[in-house]
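Protein chains: 2
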Amino acid sequence: MDTQKPYVIGVDLGGTNTVFGIVDARGDIVAQDSIKTQAYKTADAFVEAGVECLKPLIAQVGGLDKIAGMGIGAPNANYYTGAIEYAPNLSWAHDGVVPLAQMFSDRLSTLAPCSSPLAPLKVRITNDANAAAMGEMTYGVARGMKNFIVITLGTGVGSGIVINGQLVYGHDGFAGELGHVKVDHSANARLCGCGRHGCLEAYCSATGMARTAREMLQLSEQPSLLREKNPDDIESIDVFLAAQQGDEMAKGIFNYTGFTLGEACADFAAFSSPEAFIFFGGLCKAGDLIMKPIEEAYNRSVMPIFRGKAKFLVSSLMNANAAVLGASALAWE
Amino acid sequence: MDTQKPYVIGVDLGGTNTVFGIVDARGDIVAQDSIKTQAYKTADAFVEAGVECLKPLIAQVGGLDKIAGMGIGAPNANYYTGAIEYAPNLSWAHDGVVPLAQMFSDRLSTLAPCSSPLAPLKVRITNDANAAAMGEMTYGVARGMKNFIVITLGTGVGSGIVINGQLVYGHDGFAGELGHVKVDHSANARLCGCGRHGCLEAYCSATGMARTAREMLQLSEQPSLLREKNPDDIESIDVFLAAQQGDEMAKGIFNYTGFTLGEACADFAAFSSPEAFIFFGGLCKAGDLIMKPIEEAYNRSVMPIFRGKAKFLVSSLMNANAAVLGASALAWE
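Top line first, the protein sequences correspond to chains A and B.
Residues 65 to 397 in our numbering are what the first sequence spells out, letter by letter.
Residues 65 to 397 in our numbering are what the second sequence spells out, letter by letter.
Calculated directly from the structure, the hints in this document are not laboratory data.
A hint or two may mislead.
Since the list gives no way to pick one copy over another, a pair counts as held whenever it fits inside one copy or between any two copies.
Using 30 Å as the maximum straight-line C-alpha spacing, the simulated DSBU-like pairs for lysine-lysine come out as follows [to be verified]:
hint	residue 1	residue 2
1	K130	K375
2	K100	K349
3	K100	K356
4	K186	K373
Turn these sequences into a full structure, and let the hints guide you.
Following this line, the structure appears as structure tokens:
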């Protein structure tokens, strides 16, 4: 680390808010602010607003020459090109390629006084699951690990894969989409948002789990607290609350979700044999309800050579700032 | 490359023969000999015989100080430890851990004259599919590629995965077992030799394809040249010969095998998004019969973001010496 530049900028670019944080080497966020992601008509206007938001934060830590770099976690981000490419949920990036890293770098360099121009700030960008993996390696439970996989369980299922201490971007910058590996090859496998059938995400995201709940309610006569709700309104949180009250069907839904994840992890082991699988996101808050069936299914299913070797961990960065930290970790590289 | 040491030793350690080759930087095998792998009661005796076999080959290129290193491709080999671990098909290694790399290094160093002792020869070991991947990257169709996957289609299905220009060994040295990723999650999925159900290998190895042939013959009334054989005697070569004569059922068996491989590759793309999938081994000799359905199924199944991007290639090292070349490539690292 450059001791002259003790801070990095981490940016969590989400569908609603974009959070900017100044982060030190221990993973403490020393300054933070945010803007509305979609309040801008063009990418230029968004970057302009972002830099305005950053100005006072940067001033607070002593100016741009205290900043070693900037990392952005964003949907449909390509690490290699530094661009957001055709992001369906971003108004200013849904129908084209936005070279966001370069745009921020250019715009930030104008902040330096003309009398002492700085080298352009290095800005890196990747998707949020990859950023989460970088965050775990830099500040979280994966410190010291060279081979691990982060699986994010949210509205979708994302992943960040680290092999030999490096994030896996693949040939085109889009590797690490483990939410879209098939876990059901049958004719009636669930349709996934990506267009494939039987993807992990269709079963083990929060929405996938709610879908499992609706299917189980329909297919069985088992009594359940979940029957008190309109099936269409059931969310994963309802399954969690019911399971906490000992509801057998709700526990069964967690078992099924965990089983499906564990079986998928057994396939991932055959690929990269990681030291640990690290889970991140809302569903992990269910703790053993989800983690136990994952680990049990894994060790039952995995090739004997891998059995009992992998750790199953929950992210230690599970708070509102995890995404900012993850993105900032990109900038230390 | 060390121009003082223009050669490496490549060793193809198979269940029947162990072939030793001296290889130059262009991938030419300048000297070669072999011993019977299982003619020895102990690993010590095997190494002793191997070094005796190597002596005249090494002398032929000017002595041990012309050799930059040695690479061994062997079953159940662990790159990290340099050992063969519990190899069921090797009489002298089936119930223990044999530190073969160290044993060869120690034994070979005694060949140097006492008057001019040499630094110990670096000996590396890995499984044959990983060696094949190294061979493709060093001498074959993957020259210049940083991200690709070699899939070997033989009695089993093996794989060697390269990411960021490095072979993927995983946390424990045993990564890259793509033959044991599930392609069928149904209750009647085929049992694989590894103990899992529904593995790629149970469908797309030579034996898996023969099994498909037997199942198709039983399940349908379709006329086929394959009906002239006792079903238990059908091998993949019979399917190939029938398909070459235009037999529809045989072509269907290739389509099914290729479809299953292509679907699996679509999952692998979600993992590491490789530039190319490179196929190696007997089944590839069927050419378009197998390669076309692989590529078609892949592009139909894969996530839109990856569609049309990956190359589907057949190894350019498909000859008797490919395994020796692959192993030798380890030694240049």
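Consistency of the hints with the structure:
1. Taking identical chains as interchangeable, the C-alpha atoms of K130 and K375 are never at most 30 Å apart, the minima being 38 Å within one chain and 45 Å between chains.
2. Proximity of K100 and K349 under a CA criterion of 30 Å is satisfied intra-copy only: 27 Å inside one chain copy versus 58 Å between copies.
3. Neither within a single protomer nor between protomers do K100 and K356 lie at most 30 Å apart by alpha-carbon distance, with minima of 38 Å and 48 Å respectively.
4. With identical chains, the CA atoms of K186 and K373 are at most 30 Å apart between copies only, with a shortest distance of 29 Å across copies and 38 Å within one.
The structure is inconsistent with the numbered hints 1, 3, although it conforms to all the rest.
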